[in-house]
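Enquirer: In case you want the letters, here they are:
There are 2 protein chains.
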Amino acid sequence: MSVPSVMVQPIGIICTEHVRSEETPIQPIFAPTCVGRVEVFPEYTEGLQDLEQFSHIYLVYHLHKAKEPRLLTKPFLQDRVRGVFATRAPCRPNPIGLSIVKLVGREENVLTIEGADMLDGTPLLDIKPYTRRFDHVQTERDGWHEEVDDAEAARRGVRNYSLKG
Amino acid sequence: MSVPSVMVQPIGIICTEHVRSEETPIQPIFAPTCVGRVEVFPEYTEGLQDLEQFSHIYLVYHLHKAKEPRLLTKPFLQDRVRGVFATRAPCRPNPIGLSIVKLVGREENVLTIEGADMLDGTPLLDIKPYTRRFDHVQTERDGWHEEVDDAEAARRGVRNYSLKG
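Protein chains in written order, with this note's numbering: chain V, -4 to 160; chain W, -4 to 160.
Keep in mind the hints are simulated off the structure, nothing from the lab.
Hints should not be assumed to be uniformly reliable.
Unchecked claim - Cβ-to-Cβ under 10 Å is the rule here; a few derived chain W residues that face chain V:
{"no.": "1", "residue": "14"}
{"no.": "2", "residue": "16"}
{"no.": "3", "residue": "17"}
{"no.": "4", "residue": "78"}
{"no.": "5", "residue": "90"}
{"no.": "6", "residue": "91"}
{"no.": "7", "residue": "93"}
{"no.": "8", "residue": "150"}
{"no.": "9", "residue": "153"}
{"no.": "10", "residue": "154"}
{"no.": "11", "residue": "155"}
To be verified - The list that follows gives simulated cross-link-like pairs (lysine-lysine, DSS-like), each with its CA atoms no further than 27 Å apart:
{"no.": "12", "chain 1": "W", "residue 1": "97", "chain 2": "W", "residue 2": "60"}
{"no.": "13", "chain 1": "V", "residue 1": "97", "chain 2": "W", "residue 2": "97"}
{"no.": "14", "chain 1": "V", "residue 1": "69", "chain 2": "W", "residue 2": "60"}
{"no.": "15", "chain 1": "V", "residue 1": "60", "chain 2": "V", "residue 2": "97"}
{"no.": "16", "chain 1": "V", "residue 1": "97", "chain 2": "W", "residue 2": "60"}
All C-beta atoms in this analysis are idealised placements derived from N, C-alpha and C, irrespective of residue type, glycine included.
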């Protein structure tokens, strides 16, 4: 089946302290103290109205430094090969990243966030509110994540970030 | 600032019972009995390995029937105008949809899901596992959602779906 491709246009830029992939935490929970700045392009400022009332938001972004897609990959948290869609690895057929970050504040078109786990200069594609009603789901099975305990996850999840500076 | 646009290529099609936008539940929690079929294109089958171990997954998709973007819009759950990024409305600058659905099973490249809240024929862009570790976030403020009680949300959230057939 042929389905037309989709062109998306970044709506802003995410500025963080992470300039090297190998020193970037893999998820917001491993980057709680990492403050970032989301610079939404001014022409979209009106769309940010009411956003600051939410404590957490989804950022949808372009994994612009992702390497070639691989259908099988080792996730950062485990040394076993998994299907890429069963991981959050960047080497996806469509390099779209998703992070739930804490929204600390907004001034006009600029958001301050905590949990910034993306590279500096990451192109932003969309922002959505995270809500208990829609997004706080009770899972029954967490797949291979259940094989990784929290201490091991934290150790691997921060990557080399804690070694910096 | 000029940031290059990004071309994404659908990796599959989501088949649901919803053929009219106005009869489509707005989120999976309002569509718990709606079974859907995700037909991932066969060339990506290998990437689905291990996915069936997760009870819930994110589907990232193209809101292919979304109307023109509007920066201010009334969310389905409330009659007040909000910034579009503070809502999950489809009329976003980049029409990218996000749903957390229950993964009931997988046969090769075909997933069976519950909570199918998207239109039939929706182009799929990505699949990610939903995990307690990354995605079960304790919010402090849920914005305007706090003004809408659960009964009202359910009434509006199913839209005209319950009136069908």
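Enquirer: Please go over all the hints and tell whether each is borne out by the structure.
Expert: Verification of the hints:
1. 14: Nearest chain V Cβ about 18 Å off; hint violated.
2. 16: 18 Å, violated
3. 17: Hint violated; residue 17(W) Cβ to chain V Cβ min 20 Å, cut 10 Å.
4. 78: 3 Å, holds
5. 90: OK, holds: residue 90(W) within 10 Å of chain V, min 8 Å.
6. 91: This interface hint holds because 5 Å falls under the 10 Å limit.
7. 93: 6 Å, holds
8. 150: 14 Å, violated
9. 153: 14 Å, violated
10. 154: 15 Å, violated
11. 155: It is violated, given that the least Cβ distance between residue 155(W) and chain V is near 20 Å, above 10 Å.
12. 97(W) - 60(W): Measuring from Cα to Cα gives roughly 24 Å; hence the hint holds.
13. 97(V) - 97(W): Since the Cα atoms of residue 97(V) and residue 97(W) sit roughly 25 Å apart, the hinted pair holds (cutoff 27 Å).
14. 69(V) - 60(W): This hinted pair is violated, its Cα atoms lying about 36 Å apart.
15. 60(V) - 97(V): Holds: residue 60(V) and residue 97(V) sit about 24 Å apart, inside 27 Å.
16. 97(V) - 60(W): 31 Å, violated
Of the numbered hints listed earlier, those contradicted by the structure are 1, 2, 3, 8, 9, 10, 11, 14, 16.
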